[in-house]
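Student: Listed below, chain by chain, are the residues.
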Amino acid sequence: NAGVMQNPRHLVRRRGQEARLRCSPMKGHSHVYWYRQLPEEGLKFMVYLQKENIIDESGMPKERFSAEFPKEGPSILRIQQVVRGDSAAYFCASSPPENSRIGEAFFGQGTRLTVV
Amino acid sequence: AQKVTQAQTEISVVEKEDVTLDCVYETRDTTYYLFWYKQPPSGELVFLIRRNSFDEQNEISGRYSWNFQKSTSSFNFTITASQVVDSAVYFCALSDPLIYNQGGKLIFGQGTELSVKP
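Chains as they are written, first to last, in the working numbering: chain B, 8 to 123; chain R, 3 to 120.
Be aware that a few hints might be false.
[Said to hold, decoys possible] Think about it this way: if two alpha-carbon atoms lie no more than 20 Å apart in a straight line, the pair counts; the simulated PhoX-like pairs of lysine-lysine are:
id, chain 1, residue 1, chain 2, residue 2
1, R, Lys119, B, Lys51
2, R, Lys40, B, Lys51
3, R, Lys119, R, Lys40
4, R, Lys18, R, Lys119
5, R, Lys40, R, Lys18
[To be verified] A short list of chain B residues far from chain R (calculated; beta carbon distances all over 10 Å):
id, residue
6, Arg21
7, Leu50
8, Lys51
9, Lys58
10, Glu59
11, Ile61
12, Met67
13, Arg85
14, Asp93
15, Gly117
16, Val123
[To be verified] Each pair of labels, with its calculated beta carbon distance range:
id, chain 1, residue 1, chain 2, residue 2, range
17, B, His17, R, Asn69, 35 to 43 Å
18, B, Glu25, R, Glu46, 23 to 31 Å
19, R, Arg65, B, Lys69, 43 to 51 Å
20, R, Ser73, B, Val19, 47 to 55 Å
21, B, Lys34, R, Pro42, 24 to 32 Å
22, B, Glu25, R, Gln59, 42 to 50 Å
23, B, Lys69, R, Val86, 42 to 50 Å
24, R, Glu17, B, Arg91, 32 to 40 Å
25, R, Pro42, B, Val90, 27 to 35 Å
26, R, Glu19, B, Arg21, 45 to 53 Å
By construction, these hints were calculated from the structure, which means they are not laboratory data. Since this is a predicted model, take the numbers as computed values, not measurements. Note that CB positions come from ideal geometry on N, CA and C, so glycine has one too.
Isolated chain B (complex conformation) (with noise of 0.2 Å):
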């Protein structure tokens, strides 16, 4: 059983370009969850989702910034006219539908954005 997986690891972008970090949940989850960590801080969740629905998007910024998680395949978080504030690792993490294990969530290894 496969865990969360992110990629790309590392993505380098210029300015003003988009980047597109995909996450693909365990097996048999069915919720995502986005989380950034800017340098030298600890990790600040951006946005929660089911397939097919944005359940809270309070930690993202209000522009540039959008996440899906399609009916089928990963969650995409995508940022565009990239910034070098932008700079940062971005986590996934996945948890399991069953209200028995609520409280479960796994992490991807993230995706290190570097914008030049």
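Assemble chain R onto chain B, guided by the hints.
Tutor: Positioned in the frame of chain B, the structure of chain R alone reads:
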């Protein structure tokens, strides 16, 4: 408001010393989860423990132990006989109100960077 405080930004110890990492949290919920994660220099997040708010028993796993005290809202982590491989940033985290999510929305502390010198 939910909050996690790790007051120790950096700790440096010599190998074989015991070290305790402090974590204090704030929450209005009666049911919640607390976590510790390790982030080694390679950058990934390594899950260490999840603790349910109803279970106040201390836990030991090898050289690691956790002291959960609800009365003081603390969930401290002790490494006994530290090793160089323990050098990492350690994060304490609290689950956001569980009614709104399946437990994957966490509030992280700022982390404690532990350096174990040979």
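Student: All hints, please: hold or fail.
Tutor: Hints, one by one, checked against the model:
Distance check on the hinted pair: Lys119 (chain R) and Lys51 (chain B) sit about 30 Å apart at the alpha-carbon level, beyond 20 Å; violated. Between Lys40 (chain R) and Lys51 (chain B) the alpha-carbon distance is near 16 Å, which keeps this suggested pair within the 20 Å criterion. A C-alpha spacing of about 18 Å is found between Lys119 (chain R) and Lys40 (chain R), which places the hinted pair at or below 20 Å, so the restraint holds. Distance check on the hinted pair: Lys18 (chain R) and Lys119 (chain R) sit about 9 Å apart at the alpha-carbon level, within 20 Å; holds.
For the hint pairing Lys40 (chain R) with Lys18 (chain R), the CA-to-CA distance comes to about 19 Å; that is within 20 Å, so the pair holds. The beta carbon of Arg21 (chain B) sits about 23 Å from the closest Cβ of chain R, which is more than 10 Å, so the claim that it is off the interface holds. A cut-off of 10 Å between C-beta atoms contradicts the statement that Leu50 (chain B) is not in contact with chain R; the least separation is 5 Å. For Lys51 (chain B), the requirement that its beta carbon stay farther than 10 Å from each beta carbon of chain R is not met, with the minimum near 7 Å.
Distance check for Lys58 (chain B) against chain R: the nearest CB is about 13 Å away, which clears 10 Å, and the non-interface claim stands. Once the 10 Å rule is applied to beta carbons, Glu59 (chain B) is consistent with being away from chain R; the minimum gap is 16 Å. With 10 Å as the threshold on Cβ separation, the claim that Ile61 (chain B) sits away from chain R holds: the shortest Cβ distance comes to roughly 12 Å. At roughly 13 Å from the closest C-beta of chain R, the C-beta of Met67 (chain B) stays outside 10 Å, upholding its exclusion from the interface.
Every beta carbon of chain R lies more than 10 Å from that of Arg85 (chain B), the smallest distance being close to 20 Å; the non-interface claim holds. Non-interface call for Asp93 (chain B) relative to chain R: holds, since the shortest CB-CB distance, roughly 17 Å, exceeds 10 Å. Residue placement check: Gly117 (chain B) does not keep its beta carbon more than 10 Å from all beta carbons of chain R (closest about 6 Å). The beta carbon of Val123 (chain B) sits about 19 Å from the closest Cβ of chain R, which is more than 10 Å, so the claim that it is off the interface holds.
For His17 (chain B) paired with Asn69 (chain R), a C-beta distance near 38 Å keeps the hint of 35 to 43 Å intact. At roughly 25 Å, the beta carbons of Glu25 (chain B) and Glu46 (chain R) sit within the given window of 23 to 31 Å. Between Arg65 (chain R) and Lys69 (chain B) the C-beta distance comes to about 45 Å, which sits within the given range of 43 to 51 Å. At about 49 Å, the CB distance of Ser73 (chain R) to Val19 (chain B) agrees with the hint of 47 to 55 Å.
For the pair Lys34 (chain B) and Pro42 (chain R), the beta carbons lie near 26 Å from each other, so the given range of 24 to 32 Å is met. Distance hint for Glu25 (chain B) and Gln59 (chain R): a CB-CB separation of about 49 Å, consistent with the stated range 42 to 50 Å. The beta-carbon spacing between Lys69 (chain B) and Val86 (chain R), approximately 44 Å, falls within the hinted interval of 42 to 50 Å. For Glu17 (chain R) and Arg91 (chain B), the Cβ-Cβ distance of about 39 Å falls inside the hinted range of 32 to 40 Å, so the restraint holds.
One distance hint, 27 to 35 Å for the beta-carbon pair Pro42 (chain R) and Val90 (chain B), holds here, with the actual separation near 29 Å. Take Glu19 (chain R) and Arg21 (chain B): their Cβ atoms lie about 46 Å apart, and the range 45 to 53 Å holds.
Of the hints listed earlier, those the structure fails to meet are numbers 1, 7, 8 and 15, in rising order.
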